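Colleague: Each chain, written out:
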Amino acid sequence: MAVMTLIEGLRQGMDEALAADPRVFIIGEDVGARGGVFRATQGLFDKYGGDRVIDSPLAESSIVGVGIGAALAGLLPICEIQFADFIYPAFNQIVNEAARMYYRSAGDWHVPLVIRVPYGGGVGGGLYHSQSVESLFAHQPGLKVVVPSTPADAKGLIKAALYDPNPVIIFEPKKGYRGIKGEVPEGEIVTSIGAARVARMGGDVSVFAYGMMAYYAEQAAEMVAVEGIDAEIIDLRTLAPVDRESILASVRKTGKALIVYEDNLTLGYGAEVAALIADDGFEFLDAPVRRLAAPDVPATPFSHPMQDFFMINPDKIAAAIRELAAY
Amino acid sequence: MAVMTLIEGLRQGMDEALAADPRVFIIGEDVGARGGVFRATQGLFDKYGGDRVIDSPLAESSIVGVGIGAALAGLLPICEIQFADFIYPAFNQIVNEAARMYYRSAGDWHVPLVIRVPYGGGVGGGLYHSQSVESLFAHQPGLKVVVPSTPADAKGLIKAALYDPNPVIIFEPKKGYRGIKGEVPEGEIVTSIGAARVARMGGDVSVFAYGMMAYYAEQAAEMVAVEGIDAEIIDLRTLAPVDRESILASVRKTGKALIVYEDNLTLGYGAEVAALIADDGFEFLDAPVRRLAAPDVPATPFSHPMQDFFMINPDKIAAAIRELAAY
Amino acid sequence: MTQKTLDKPSAYLSEATLHAILRAMLLSRRFDERAWLLHRQGKIVFHASAMGHEAAQVGAVFAIHRGVDYVCPYYRDLAMMIALGWGARALMLDVYAKPGGISSAGRQMPNHFSDRRLGVVSTSAPVAVQVVHAAGMAFAIKYKARLGLPTPDDAPRLALTTLGEGSTSQGDFHEALNWAGVHTLPLICLVENNGYAISVKLQAQMAIRDVSERAAGYGIHGAVVDGMDALAVYDTVYEAAQRAYNGDGATLIDAKVYRFTPHSSDDDDRSYRSREEVEAARANDPILRLRQTLIDLGALTAADFEEMDAEVRSEVDAAQAEVEAMPDPAPEDALADVFAPGRVDAWQS
Amino acid sequence: MTQKTLDKPSAYLSEATLHAILRAMLLSRRFDERAWLLHRQGKIVFHASAMGHEAAQVGAVFAIHRGVDYVCPYYRDLAMMIALGWGARALMLDVYAKPGGISSAGRQMPNHFSDRRLGVVSTSAPVAVQVVHAAGMAFAIKYKARLGLPTPDDAPRLALTTLGEGSTSQGDFHEALNWAGVHTLPLICLVENNGYAISVKLQAQMAIRDVSERAAGYGIHGAVVDGMDALAVYDTVYEAAQRAYNGDGATLIDAKVYRFTPHSSDDDDRSYRSREEVEAARANDPILRLRQTLIDLGALTAADFEEMDAEVRSEVDAAQAEVEAMPDPAPEDALADVFAPGRVDAWQS
Ligand SMILES: Cc1ncc(C[n+]2csc(CCOP(=O)(O)OP(=O)(O)O)c2C)c(N)n1
Ligand SMILES: Cc1ncc(C[n+]2csc(CCOP(=O)(O)OP(=O)(O)O)c2C)c(N)n1
Ligand SMILES: [Mg+2]
Ligand SMILES: [Mg+2]
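Line by line, the protein sequences give chains A, B, C and D.
Letter by letter, the first sequence follows residues 1 to 327 in this note's numbering.
Letter by letter, the second sequence follows residues 1 to 327 in this note's numbering.
Letter by letter, the third sequence follows residues 1 to 349 in this note's numbering.
Letter by letter, the fourth sequence follows residues 1 to 349 in this note's numbering.
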């Protein structure tokens, strides 16, 4: 198996899809000759041409709205939003339109749309190039929301998203684009949407995370392992629909749940995981359901000392695991 | 004290503010001669004229964005969004701009903006005239989010919002506009933002709700009271910032928490309340933290049988209280 | 039928087609009147009218490949749905929110049309979103042609979308027409300009007279038409359609109409416009105008019209009788159709 | 100074003002060059340039009431900030993200300008949002006048906002200019049209040549100007400012410029434009052009220019030395300023 970075996994997935199906095309800002500001689409413009890899006007609502129209007409668009921070102008098209089209037409029209969104902090991006916005979308029935934290899942989820007849948003942890490396099987792989991944088995504390935080949680687990704490790491991977069974099975085993996310604490995605555990997992619990998340300030500050204070990292996760293990 | 409806409380609050301070003005669709589609601004156009009560173009992003600019320039705008369902085009202006302005300018610029938003279902409005969208905004640090469930709070919260130097969204339970009546003190009243209201004291089960659901919860409490179940009803009233102390104090007393909201279950506002209780209130809990909310389908269906199935009502709340009391 | 020598496409319409146009407008009107009645009777809870807009809607649809080309309509387009092929029964199912309703099986309010078999995309309520969808569909048409994707002979070749003049204030309108310009898309954007957005007058909405003045700013074509004249609308849209079919890009049309009724059954228009204004506008009824035109052309007699009217009225009666008796949706239907099942390949269209 | 007879406002500028314009452009350039150097040295993590835009930015600011009228700039406007009164130190605080930084005390990336004392509204990153804020501020100016609210003599009388040509594709641009038209607002919208939005060419952004072709669609004024000619920009913006001050509404200006550098320090422009194109554009340097114009006018000598250059270079040196030595923000500063304290009355501006 080839070892590659997370962004290479994404690119390979798109490349194979473009090669396999002429209905697949990419629209977004700078996705063409420039290959995307993160180079996710690098080489695809040269390989498939400007008819398939298309620089859009600088207008997110239309990137998604045109994608919806094209999907309705039988194509399979991949819409790139350059940064998660800039997805809000498209909020209405995503939430009121893409997510509700199948339901409101009682199954007559469907929207097989893929929206790719680099997200997350720790990259010196300040308030407007660091945001984590996944909870806003995981809240919307009719939308699927996935977050890869390995190169194999990056490829497997983009494939799954393209095969899904529903709108799927892929939030890509951009800090891990090049830093996260791993093996990716050759050829077709499809990660099933709706299934979490047990990233590490353990019996003392369950840690639920996704994206960069799942990657960090694995590191934190190794840090506390030498101290004799055996953490189980669940990479949630698909936020909507969520894998309730895997979450509850882990809590049943450990009795302790820590949810880690880099968004603001209040109403970030982990709130739902905590709420779910506090209800259906209540009888398994031996300790409070803990959340480790960014403080409730408007967004990631730019200056490094402030950014580091704001961001979750493996040390902070390890500390939270220790505290919960000791409860 | 005068008895009035919830919408009259709002209107009186706006009327007094317009009279007291020439910096206050209203913009929105149909707020002028028409008096708003719900008549919230009825009579204000005649009284204060078209320079103060202003019909905007049909464009929500500009309603909020122009409001932000005017607020930055020293005015005190009240922006009406005609239905919560139509707030998404303004999402970027509210979340990336209004909510982050004070923080990003390190306190140099502030945005004293009030955004009024009729929300909620049960009115035969179907997918696009029934939505509850408060959790999306309560998630945003830098924004205050309030929901009145009594006429006095309707007036008191709009006053408080106008005096607040920060952007404040008032979600108004439109089904209660005329149905909810109550006493409203004469003259100046200000409901403090950040404080919940104990709508009914009780010792068996804590019910947390807001807006129409708080009103229904009180009815449900009376239904179960005759069966000997003593429910405490906390009208959360200000969703951001949330009144943690009142929530925890109630759970400490009853050991049982039910959170009721009419939005979709997943990542609706109650997820945060449940998560908060599951952590800081864990040691008080005698039962799972229960949530009663709409099913995770894209939005309220129009047809009455389906709408009624979707919506929470006093009977459903009473049933949930009974179940939790019996746990 | 003496106008055939004139260089306008409507001059070449057959008598049958002219009758079909008139009949669609008339059926829309009779249905529309019935719906208001049903609302007053408390039998239905919501209605929004096309009255006054019928010529614009029907004239437009007859000028494209009906039932094949894509249509992204808005909530006022009931005459358009009829022109596309709906009868009173389909509309009745929607206003009664019955499970058999084509648009949404009772999920959406009436007037939120959808019919995939006719190329009509499901309408939502937030205004102007459909203009972007139509641009996307027009984009798909061009994409398929360029890539040489297999398309049946009777595939859509343009997308027609409509909206009110107030809705042009939305950012989405701008973004969509800009795409249409940049990509020379086969798109027709028909603005049904009735001068009001609920209560808000045109002047509070824009500082120009004709919405089509914006076309130049997008590098697309613009046109103004008397939207109360079905054949004039036909001619204007026909020209726009030829442009689209020939690869010459998009057209923004400002069709001047008037809304004879309040905005919807939830509205009371007395607060914002005078009865005199409404009465004066009603004198310019698009149906009576077309009736007269056809009589003048010798393509219709007064008796023909009466017969047609009786026929559409009985269609409305029959539809009401049938639909009223149907059961409502089951409560749990609320839970269906959140996600489409299966894999994308099965969905090839 | 022989051009005073010409009917252009710039002909009436004093020698001191002409020098101030040139100096602002030059200081911006020297700071800008230094910032790229600091980035290569790893001392700062981000920079975006105004190089090639200086004439448009500085010429515009000198034509309004500087430091009084409202300004809603965008990230490329560092020369504009200098023209408004900033020195190298203020810019340096931003690029080093130091706690004393006026814009955001290190919270935002550099180039996200703010200075309330100068009427400069805090810039975010999502493009075009500021155009709506500027419309709102212009609305407030008119509102206060109409209501007779007390305003000091030196109150702002217009709002100037800028954006790139690519950013005009956003819905917010449309909505803001539509407000400006409907309410005849004292607004100037200056498009710094460098032909690229990062890598995306003008032709992929719009199907027109001049952005100002859109003005007519909003019922506002439009103008095109050579944005590499500071005095031409001054003249065009001056006229727009008089229009605003006189209650004659808004102006949309397309200033043709060129971006000499990559989009930002994160960009590599080799993938999307040739070196030849960039070199050719650099030959039309706005600073050298103004220098030559002033020399031709007899308002500057080559030696004056050298002296000015030495002076601004040493300002940049001094700013770097001072700011580099400053401590970074405290980590917990991340928690401050989420909500403004107090009550609204205390905030009267
Ligand atoms: C985004 C959005 N905001 C507000 C509304 C509420 N609304 C429904 S129709 C309407 C007026 C539309 O006017 P116009 O576009 O002129 O169409 P008309 O009804 O006159 O045909 C408004 C404000 C909406 N549907 N969508
Ligand atoms: C809403 C939004 N989408 C995407 C971006 C990312 N982005 C930053 S600058 C830029 C290009 C802007 O081009 P233009 O408006 O022409 O200004 P220029 O940089 O050329 O001066 C893009 C796409 C953004 N800042 N905001
Ligand atoms: Mg209208
Ligand atoms: Mg540009």
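Source of the hints: derived by calculation from the structure; they are not laboratory data.
Note that the structure is a prediction, hence the values are computed from the model and not measured.
Glycine included, C-beta positions come from ideal geometry on N, C-alpha and C.
Be aware that one or more of the hints could be misleading.
[To be verified] To give an idea of the interface, some chain C residues facing chain D are shown, with a C-beta separation under 10 Å as derived from the structure:
#1 42
#2 45
#3 169
#4 174
#5 181
#6 203
#7 216
#8 218
#9 219
#10 314
#11 325
#12 327
[Unchecked claim] A few chain A positions that, by computed beta-carbon distances, are all more than 12 Å from chain C:
#13 3
#14 38
#15 60
#16 67
#17 71
#18 107
#19 111
#20 160
#21 163
#22 183
#23 197
#24 309
#25 326
#26 327
[Stated by the list, open to error] DSS-like, lysine-lysine: derived pairs with alpha carbons at most 27 Å apart:
#27 A:316 <-> D:98
#28 D:144 <-> A:47
#29 C:201 <-> D:98
#30 D:201 <-> C:144
#31 C:201 <-> C:256
#32 D:98 <-> B:47
#33 D:256 <-> D:8
#34 C:201 <-> D:144
#35 C:142 <-> A:47
#36 C:256 <-> C:8
#37 D:43 <-> D:98
#38 A:181 <-> A:316
#39 A:253 <-> A:47
#40 A:253 <-> A:316
Colleague: Hint by hint, say whether it matches the structure.
Modeller: Results for each hint:
This hint is violated: residue 42 of chain C has a C-beta 40 Å from the nearest C-beta of chain D, more than the 10 Å allowed. The beta carbon of residue 45 of chain C comes no nearer than 33 Å to any beta carbon in chain D, farther than 10 Å, and the hint placing it at the interface is violated. With 10 Å as the threshold, the beta carbon of residue 169 of chain C comes within range of chain D, its nearest partner Cβ sitting at about 6 Å, so the hint holds. Using the Cβ-Cβ criterion of 10 Å, the hint placing residue 174 of chain C at the interface with chain D is satisfied: the shortest such distance is roughly 3 Å.
Interface hint status for residue 181 of chain C: upheld, as the beta-carbon distance to the closest one in chain D is roughly 3 Å, under 10 Å. Below 10 Å, beta-carbon pairs count as interface contacts, and residue 203 of chain C has one with chain D at about 8 Å; its hint therefore holds. Checking residue 216 of chain C against chain D by beta carbon gives a least distance of about 6 Å; that is within 10 Å, so the hint holds. The beta carbon of residue 218 of chain C comes within 6 Å of a beta carbon in chain D, closer than 10 Å, and the hint placing it at the interface holds.
This hint holds: residue 219 of chain C has a C-beta 3 Å from the nearest C-beta of chain D, less than the 10 Å allowed. The restraint placing residue 314 of chain C at the interface with chain D is violated, with a minimum CB-CB distance near 47 Å, outside the 10 Å limit. Because the smallest distance between the Cβ of residue 325 of chain C and any Cβ of chain D comes to about 46 Å, over 10 Å, the interface hint for this residue is violated. Because the beta carbon of residue 327 of chain C sits about 43 Å from the nearest beta carbon in chain D, more than 10 Å, this interface hint is broken.
Here residue 3 of chain A stays apart from chain C, with its beta-carbon at least about 29 Å from theirs, past the 12 Å limit. Every CB of chain C lies more than 12 Å from the CB of residue 38 of chain A, the least distance being 24 Å, so the non-interface label holds. For residue 60 of chain A, the condition that its CB be more than 12 Å from all CB atoms of chain C is violated, with the nearest at approximately 9 Å. The Cβ of residue 67 of chain A sits about 6 Å from the closest Cβ of chain C, inside the 12 Å cut-off, so the non-interface label is violated.
The Cβ of residue 71 of chain A does not lie farther than 12 Å from every Cβ of chain C; its closest approach is about 8 Å, which violates its non-interface assignment. Its closest Cβ contact with chain C, about 4 Å, brings residue 107 of chain A to no more than 12 Å, contrary to its assignment away from the interface. Look at residue 111 of chain A: its CB is around 8 Å from the nearest CB on chain C, not clear of 12 Å, so calling it non-interface is violated. The Cβ of residue 160 of chain A does not lie farther than 12 Å from every Cβ of chain C; its closest approach is about 10 Å, which violates its non-interface assignment.
Listed as a non-interface residue, residue 163 of chain A fails to keep its Cβ farther than 12 Å from every Cβ of chain C; the least gap is roughly 5 Å. With a cut of 12 Å on Cβ distances, residue 183 of chain A stays outside the contact zone with chain C, its closest approach being about 26 Å. Taking the minimum C-beta to C-beta distance to chain C, about 21 Å, the non-interface status of residue 197 of chain A holds against the 12 Å cut. No Cβ of chain C comes within 12 Å of the Cβ of residue 309 of chain A; the nearest lies about 36 Å off, and the non-interface call holds.
Residue-level check passed: residue 326 of chain A sits 42 Å from the nearest beta carbon of chain C, beyond 12 Å. No Cβ of chain C comes within 12 Å of the Cβ of residue 327 of chain A; the nearest lies about 38 Å off, and the non-interface call holds. Distance check on the hinted pair: residue 316 of chain A and residue 98 of chain D sit about 26 Å apart at the alpha-carbon level, within 27 Å; holds. For the given pair, residue 144 of chain D sits about 58 Å from residue 47 of chain A by alpha-carbon distance, which is inconsistent with the 27 Å threshold.
For the hint pairing residue 201 of chain C with residue 98 of chain D, the CA-to-CA distance comes to about 51 Å; that exceeds 27 Å, so the pair is violated. Of the supplied pair hints, the one linking residue 201 of chain D and residue 144 of chain C holds, its CA atoms being roughly 24 Å apart against a limit of 27 Å. At most 27 Å may separate the alpha-carbon atoms for a hinted pair to count; residue 201 of chain C and residue 256 of chain C meet this at roughly 14 Å. A C-alpha spacing of about 51 Å is found between residue 98 of chain D and residue 47 of chain B, which places the hinted pair above 27 Å, so the restraint is violated.
Between residue 256 of chain D and residue 8 of chain D the CA atoms are separated by roughly 20 Å; this keeps the pair inside 27 Å, and the hint holds. Restraint check for residue 201 of chain C and residue 144 of chain D: satisfied, since their Cα atoms lie roughly 24 Å apart, inside the 27 Å limit. As the CA atoms of residue 142 of chain C and residue 47 of chain A are separated by approximately 20 Å, the hinted pair is consistent with the 27 Å bound. Pair hint residue 256 of chain C plus residue 8 of chain C holds up; C-alpha atoms about 20 Å apart against a cutoff of 27 Å.
Pair hint residue 43 of chain D plus residue 98 of chain D holds up; C-alpha atoms about 13 Å apart against a cutoff of 27 Å. Proposed proximity of residue 181 of chain A and residue 316 of chain A is supported: the alpha carbons are some 23 Å apart, at most 27 Å. Under the criterion of a C-alpha separation no larger than 27 Å, the hint pairing residue 253 of chain A with residue 47 of chain A is inconsistent with the structure, at around 50 Å. Distance restraint check for residue 253 of chain A and residue 316 of chain A: the Cα-Cα separation of roughly 24 Å lies within the 27 Å cut-off, and the hinted pair is therefore satisfied.
Consistency with the previously given hints fails for numbers 1, 2, 10, 11, 12, 15, 16, 17, 18, 19, 20, 21, 28, 29, 32, 39, ordered from lowest to highest.
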